[in-house]
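Chemist: Residues per chain are reported as follows:
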Amino acid sequence: MKHIDAAAHTRGESQYVDDSPQPLGLLHVAVLGSPLAHGKILSIEIEDALQCDGVITIVLAGDIPGENQIGAIIPDEHLLAEKEVFYVGEPVAIVVAENFAQALQAKNKIQVQIEELSAVTDPRAAFANGQIIGTPRTFVFGDVENAWKQCDLIVEGRCDMGGQEHVYLETQRARAVPLENGAMRLYASTQSPYAVQRTVAGILGLPHHKIEVDVKRLGGGFGGKEDQATAWSCLAALAAWKTGKPVELVLPRHEDMVMTGKRHPYSSDFKIGLSAQGKILAYDVKHYQNSGAAADLSTAVLERTLFHSTNAYFIPNTRIFGACCRTNLPPNTAFRGFGGPQGMFVMESAIAKAAEQLNIQREEIQRRNLLCENDIFPYGQHAHEARAEKTWAEAENSFALPGLKERVAQFNQNNFEKKKGYAVMPICFGISFTTHFLNQAGALVHVYTDGSVSVSTGGVEMGQGFSTNITRIAAKAFGINQVRVKVESANTTRVANMSPSAASATTDLNGNATINAVTEIVDRLKSLAVSELGLGQKEKLSLKKERLFYAGKDTGWDWKKLVQTAYLNRVDLSAHGFYATPGICFDKQKEKGHPFAYHVYGTALLEVTVDCLRGTYNIDSTKIVHDLGRPLNELIDRGQVEGALAQGLGWMTLEELIFDKRGHFLSNSLATYKVPDVFFMPDDLEINFLQTAPGASGPYGAKAVGEPPFMYGIGLFFAIRHAMRAFNPKADLPFNSPLTPEKVLLQLHPQWGIDAENRRR
Amino acid sequence: MIGGIRFLLNDSDVLTDVAPGTLALDFLRRDKRLVGTKEGCKEGDCGACVVLVGELFAGGVEYHPVTSCLLPLGELHGKHLVTIEGLNRHALSPVQQAIVDTGGSQCGFCTPGIVMSLTGFLLDPETRKDARGCKNALGGNLCRCTGYASLIRAGRQVLQKIGGNNIFTNEFSENATVQMLIEQQVLPAYFQSIPARLKNIPAKVQRRDRATPYCLVAGGTDLYVQKGDALANLNVHLLSRQSGLKQIKLSEKRVHIGPLTTFEAFARHPIINQSIPDIQKYSHYNASWQVRNRATIGGNIINASPIGDMTALLLALESDLVFRAGRKQRTVALKSFFTGYKLFDKAADEILTDVIFPVPDAGSKINFEKVSKRQTLDIATVNSGIKIVADGALIRKVELSMGGVAPIPLFLKKTCDFLRNKRVMPEYILQANDIAQSEISPISDVRGSSEYKRLLVRQLLIAHFTKLFPELIQVRAFYEAH
Ligand SMILES: Cc1cc2nc3c(=O)[nH]c(=O)nc-3n(C[C@H](O)[C@H](O)[C@H](O)COP(=O)(O)OP(=O)(O)OC[C@H]3O[C@@H](n4cnc5c(N)ncnc54)[C@H](O)[C@@H]3O)c2cc1C
Ligand code: FES
Ligand code: FES
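Residue numbers (the working numbering), protein chains in the order written: chain A, 576 to 1336; chain B, 5 to 486.
Simulated from the structure, these hints should not be mistaken for laboratory data.
Heads up, some of the hints might be wrong.
Unchecked claim - Ranges between beta-carbon positions, derived for each pair:
no. : chain 1 : residue 1 : chain 2 : residue 2 : range
1   : A       : P610      : B       : N237      : 39 to 47 Å
2   : A       : T632      : B       : K231      : 23 to 31 Å
3   : B       : R37       : A       : H783      : 32 to 40 Å
4   : B       : I439      : A       : E690      : 43 to 51 Å
5   : B       : G7        : A       : L625      : 35 to 43 Å
6   : A       : T632      : B       : D134      : 56 to 64 Å
7   : A       : L1241     : B       : K231      : 15 to 23 Å
8   : A       : Q597      : B       : P274      : 23 to 31 Å
Claimed, not checked - The list that follows gives simulated cross-link-like pairs (lysine-lysine, DSSO-like), each with its CA atoms no further than 30 Å apart:
no. : chain 1 : residue 1 : chain 2 : residue 2
9   : B       : K471      : A       : K1305
10  : B       : K369      : B       : K471
11  : B       : K285      : A       : K1318
12  : B       : K257      : B       : K139
13  : B       : K139      : A       : K577
14  : A       : K993      : B       : K257
All values derive from a computational prediction rather than experimental measurement.
The beta carbon of each residue, even a glycine, is placed where N, CA and C say it ideally should be.
Just chain A, same shape as in the assembly:
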């Protein structure tokens, strides 16, 4: 089955928030952000702006009728700044005008006076100042201190990882339409309709039921619209409330990049101890997360960093520490992988450093320490159906790792300024929300008398193929043709209290809820059929390809007949289904439990050529063996793997968030913030799906696929590093990502830096 929206997408007929027909008198909004990273607001002068053409009103914090608060986990974030600003771009005021150009013009006339206070952008500095969000966490497993004594080699090091801008092609946007009796409907581009509903309600001081949020689709989310979408809906709603008119807010790219949070930069220290044979005996790591100015989802992101700090390896003694450090950057947030990639990068760096000291290849250590069945993760869960070794072996064999090594060595022998490098990158990623209560979902299924079916869930379509998956699941659960199924928008009046579409778990949770709803209707239909047809046992009935069978024999009834008879007999053709992932738990006091329904495994091989004269690089190939369980839809799953990989490759290399010391974001446009383009991606890309056993709890044995493949990209860093070492074995290469061409060239020519330093003296 193809992506259900694809045809309309190619015709440009799919509607995003601002594409649907505009209500008469629709007003537009421009948002004024703070020009400084930290300061006291002395005054906001809006008179001149109010005089501008087309301006209807200007909204400030004082206008908020409810509570000026949007923090999702910790209430520490204002919708509009009150007395103090904490990051550049923090919304201070919004201008509402008849059209966007007018709003923009007026915005530039608002005068804000701010007394500048000192800003912090470095997480370690924030940590030292006690600027910590939530409480630091430590996972302890085994006894690290004692284990050092048994180690033959101990290496220590530091990693600095950059963040990542989401670059969803559709920027943040929302449309708010006032309804009767003070209610409000929002069309929002959010992964989290319920977060929007409850936060708008809080801002306007209304009960949740007065706010309806409808989400048809997103032009990309990647985590950037999980929590960070909420503010824009709130602002649109606030403007609509104040004017009584429908209001649309669309952030221009530049504003979107400056004002919204991103993947967290991290700075980490590691210490790793190994036996002479390359067995990792102990690992001690400290993660300083650059959380930005407010909590957002940072504490949850940090938790996942801790969960994934040992990647796909078993290490008998570990101590994993992490702290969310408050800085004066936009509040950092969810992004595909949700903290996992940072944890894994440090692990891989530690292995690289150890391998370099032992003068062996990195993959020898990797291979020797892969998770096996029943091994214990540092958080106490046992590895079940561990596929780390299996995917590794498959990748090694099907992609001829020995041949690749040989080829790379040969090439490097024969070439001077061009060097090749390769890396093996195994991954292990846990599936479930690590916030326990979020692992629930609801679905509402209607069957109409013509046999067509409508399914509403709490899941949001953002390109990942969610609607396609649900269509397939519903059709399969009923035993009917897919064309009968329509997946509706995510709407808070149809499904209440939705969890965000995130954690790769959207299809798992909502698919299972859909199956539960369908099963209930099917059960009613069967009861009816047994009595109408005078048959004995309900259990012997089955629906296949729209025909009703009894003990394998066609009853002569088809789907339509069944539905119509049910209707005439007053059988309820609607049902609500609910699902809560069973068997997961986590005790935050002990930092132990069984937080994940299951894990996804895979192994990638990456090959790169570095032009050591110019510092540039090309990815020659990426080959992946990925564990999918029983895939629901290979075409869609392949798309998820390829897309996540591209983002992972970009995170490691091109995508550089450049902030100056005062917290101004410099790479603030697509001209200066570079994401992978068509030429960046390798021509030679192979993905093999491992399809051995079904996943533990995904619908029909499918495994979640959204996030895990992102982390294959981490291998690129180490492949480039490998090539760099081939050119300059003596260079002391830091573990700083992204590894931009600038870093490659400067690191390959350390003497140049020293000379430059001397010249300056």
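Let chain A serve as the given structure and place chain B with the ligands on it in line with the hints.
Modeler: Chain B with the ligands only, in chain A's frame:
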């Protein structure tokens, strides 16, 4: 401008009084509510807004994909603007179908732009010549969801379907291409009527209203990024209305380039390919196809950005600039044109009318280097052009430029002087680097630290010589010498 702008928008005639500086993208989405065309950046960097513009050309209509977010509406007078809505028929076109089949559309936001680019690819006799061209066609389209692999597969599927018609080997005329693509259901049938309908639109002569301040617009690819929304309200003067600014010709051993020549037209022109044999390779690293179809040589020079790629190349080619204001005409050497950051020797009412460089001698060697964070569709951190005339290993003459290392596109006069009459040897090149280092004054910015840029200057010098004299000198020598 007097009277309205008249053009064909898909299958309908448009006559509008909207200001000519208005962006085509805003006109489509806000005025016409043709919302299939998306806005992703408004800076030419994402391709969500790509449309096709068709122009009468030797009896047929030539179509180019361009970014509508940098396209002034006034440019469309007498032209055919095609949006995704204008390609839709009842059934999906082979391009649309291929994207569906290969999973090339996920969130869908980039998809209309991609359909336009791939359709533009089939319409373009140069790009579609080889299968790799499909990648070039997507060079200006960002997709954050798919990672491009499925889009490449889609391109391949389209090629397989249409390729049977030999469009890659045969020289199809514009009309025949359109006819064939109509038969293949890539284009709707109304495309047939377009040439005749365009001929009915009277040309527009623009008189410059000298009384109010005006803004000269060539391709607009710099102006609209810099000034964006302000231009809609300004008095824009579209240089494309002026005739005679576009041709490339040879005269008395000099190449004359009309300043309105687009990057793409420049790189494809036979005269340019003769003078600068690798021009197509350099062009690949310059913006994207969609932007190259609009960006002009003159705009690159007058924009005076220190990292203009064409400017760096033209500096090494010893170019002269011809300016005209009314009847007055004068010539300035490009080397002495720039006087400071975005400052240059040009009066406000002067228009660049000709860019001239001598046809390189038979023995001369030319190279252009560019290093940017992302190799394609990115602005250079440092770029450099060089022209060398040598007698075996003896350097007779060098013309060397470097971009991104000074407030202006820099001609390295002292370095060139030093290298004259030296042999191609590592020690001289390294000495030349020392001199170059004293001529440049790079600053740290978002494209790199000054230290990095200085190192790049050295590296690109080495790159020039090792590339141009592979039999005499290798990169290895520079590392062993140290
Ligand atoms: C996405 C993107 C990527 C880009 N990539 C590159 C790149 O890789 N390399 C590169 O060098 N540039 C790049 N550019 C910059 C830009 O495309 C070029 O500088 C281009 O040459 C500008 O030409 P234009 O015709 O669009 O200029 P315009 O924007 O029309 O004009 C630029 C300036 O020149 C003046 N002007 C233009 N023509 C004349 C004339 N004949 N007489 C007098 N004044 C004139 C205008 O008044 C204006 O001040 C990129 C731009 C974008 C948007
Ligand atoms: S909107 Fe991004 S290129 Fe035009
Ligand atoms: S499909 Fe989402 S950006 Fe391309």
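Chemist: Against this structure, judge whether each hint is valid.
Modeler: Hints and how they fare:
At roughly 25 Å, the beta-carbon separation of P610/A and N237/B lies outside the given 39 to 47 Å, and the hint is violated. For T632/A and K231/B, the Cβ-Cβ distance of about 28 Å falls inside the hinted range of 23 to 31 Å, so the restraint holds. Evaluation of the 32 to 40 Å hint for R37/B and H783/A yields a pass: the beta carbon distance comes to about 34 Å. For the pair I439/B and E690/A, the beta carbons lie near 49 Å from each other, so the given range of 43 to 51 Å is met.
Between G7/B and L625/A the Cβ separation comes to about 37 Å, which falls inside the hinted range of 35 to 43 Å. A hinted range of 56 to 64 Å holds for the C-beta pair T632/A and D134/B, which are about 58 Å apart. Remark: the range hint 15 to 23 Å for L1241/A to K231/B is upheld by a beta-carbon distance near 21 Å. The supplied range of 23 to 31 Å is broken by Q597/A and P274/B, whose beta-carbon atoms lie about 50 Å from each other.
For the given pair, K471/B sits about 27 Å from K1305/A by alpha-carbon distance, which is consistent with the 30 Å threshold. Restraint check for K369/B and K471/B: satisfied, since their Cα atoms lie roughly 10 Å apart, inside the 30 Å limit. Note on K285/B and K1318/A: the hinted pairing holds, with a Cα-Cα distance of about 26 Å set against a maximum of 30 Å. As the CA atoms of K257/B and K139/B are separated by approximately 36 Å, the hinted pair breaks the 30 Å bound.
For the proposed pair K139/B and K577/A, the alpha carbon gap of about 23 Å is at most 30 Å, so the pair holds. Taking the CA atoms of K993/A and K257/B, the gap is about 39 Å. The hint is violated against a cut of 30 Å.
Comparing the model with each numbered hint stated earlier shows that hints 1, 8, 12, 14 do not hold.
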